Structures are given as structure tokens and as C-alpha cells.
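**Student:** Residue numbers (our numbering), protein chains in the order written: chain A, 15 to 126; chain B, 75 to 186.
Keep in mind that the hints were calculated from the coordinates and are not lab data.
As the structure is a computational prediction, the values presented were derived from the model and not from experiment.
Accuracy of the hints is not assured; some may be wrong.
Once the Cα atoms are required to be at most 20 angstroms apart in a straight line, the calculated DMTMM-like pairs of lysine to aspartate or glutamate come out as [unchecked claim]:
{"no.": "1", "chain 1": "B", "residue 1": "K100", "chain 2": "B", "residue 2": "E126"}
{"no.": "2", "chain 1": "A", "residue 1": "K85", "chain 2": "A", "residue 2": "D98"}
{"no.": "3", "chain 1": "A", "residue 1": "K56", "chain 2": "B", "residue 2": "E174"}
{"no.": "4", "chain 1": "A", "residue 1": "K71", "chain 2": "A", "residue 2": "D93"}
{"no.": "5", "chain 1": "A", "residue 1": "K71", "chain 2": "B", "residue 2": "E174"}
{"no.": "6", "chain 1": "A", "residue 1": "K82", "chain 2": "A", "residue 2": "E40"}
{"no.": "7", "chain 1": "A", "residue 1": "K72", "chain 2": "B", "residue 2": "E174"}
{"no.": "8", "chain 1": "A", "residue 1": "K29", "chain 2": "A", "residue 2": "E70"}
{"no.": "9", "chain 1": "A", "residue 1": "K72", "chain 2": "A", "residue 2": "D98"}
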Amino acid sequence: QQQVKQSPQSLIVQKGGISIINCAYENTAFDYFPWYQQFPGKGPALLIAIRPDVSEKKEGRFTISFNKSAKQFSLHIMDSQPGDSATYFCAPEGTSGSRLTFGEGTQLTVNP
Amino acid sequence: DAGVTQSPTHLIKTRGQQVTLRCSPKSGHDTVSWYQQALGQGPQFIFQYYEEEERQRGNFPDRFSGHQFPNYSSELNVNALLLGDSALYLCASSPGVSLEQYFGPGTRLTVT
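Model the full assembly from the supplied sequences, consistent with the hints where possible.
**Tutor:** Have a look at this one:
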């Protein structure tokens, strides 16, 4: 059973554009919704996260939008930069244990 | 403040052999989780250690075992290596039951 599904698999954006990555989940026990960023040869790094009591959270150029009824959340990267080129993972988690369930990843390329 | 460290960086083993990977958590963190990341995929949860006990386990066979030491560092052991065990092994640490997990750079294991 695939609990977390990410889309798209890959994304190419021009510098200054908006990057949007989506994540759909099945497990209603999830109640912490982070996005991780991973560069080649590195471990994932927490980028931004949201709890289900809010529908949107913004940190700088990064915004999470959360739709509890649809069991979906998305990452928006405004004014995308070449340095944002990386693989992005959604990894929802339940508070009963700190086990992250990763999506398949989205490879983002921002062209200069 | 040192982050999560892992050793070795790279490792090449032969099918059937055994391997031990090591992880030192971020300062102040007492919970360690291990993940396996196959090439081009999202990390998969192996298990989590807290207070020197395995607290949670993912869908991995008994060939995968671990240990946590009093100083919170941890080891991941894999016996009877298979070709399919080739992957990047990631260690993540967190303070107690905090939802925020911090990842190390990983150990790249190649089984030939």
C-alpha cells in the first residue's frame, strides 16, 4: 500500500518562476507534514513543516498549503533560484512515533 | 555544534558478508532513527532507538539489527548481505519525541 504519493516526479522551472510540488497521503493518523530538501551526496534537510491546525505556512520563499479534507499538502517555492535545484520529499509523520514516511521525491531543476 | 555524523562514508562489501554502520547524533539528541535510501527513491524507515531500546521498526527483515549506546550513538548491523541491500543508509536524530529529525550525510553501501 502506497501511503504517500508525490507529484510531479520531475520539474523544470526558469529562474524567478514558481515551483509547485504536491503530496497526497492516505493515513489519517499523520499529523505533522514536513518537506525535506536533498542535494546530491547529502542527507535530507528539513525545509518547512506544518501542523494540521493551520491551512498555510510561509517561511521566506517557501510556503506549505494544507488541505486536510483532501489529504493533500503542497510546497510552493516562489522566485525559484538555481540553488534550489535539488530533490524534494514530502514525509508526513504521526505524533505517536517519530517515523517519517517519505514520498518518492521530486527532482527540481531551476534553469538560470 | 556538530551535526549528525556517520561513518564510514562509503563501503563495499561482498554478498553474504556482514556490515556495521555507525552514527553519532546531534548534540542534545537522544533518539536515533535509521533509513535506507535506494537510488532514485525516498528513504525507507528501518528502525528507531530511544533509551537504548528499539522503539519502532519498519518492514525490514531480522538481518537488519541495531544498537544504541549510553552516549546515544548508534550502530546499524546488516547480516548476510544481498545485492539489494546496496543503498545509502541514513541516520537521523531528534531530541526525545520531537517531530523534527536531523539527518546525517549517510553511508553509501555497495554490495557486489
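**Student:** Look at each hint and say if it fits the structure.
**Tutor:** Status of each hint after checking the structure:
no.	hint	in the structure
1	B:K100 with B:E126	holds (16 angstroms)
2	A:K85 with A:D98	violated (26 angstroms)
3	A:K56 with B:E174	holds (18 angstroms)
4	A:K71 with A:D93	holds (17 angstroms)
5	A:K71 with B:E174	holds (16 angstroms)
6	A:K82 with A:E40	holds (11 angstroms)
7	A:K72 with B:E174	holds (17 angstroms)
8	A:K29 with A:E70	violated (24 angstroms)
9	A:K72 with A:D98	holds (16 angstroms)
Hint violations for this structure: numbers 2, 8, all remaining hints satisfied.
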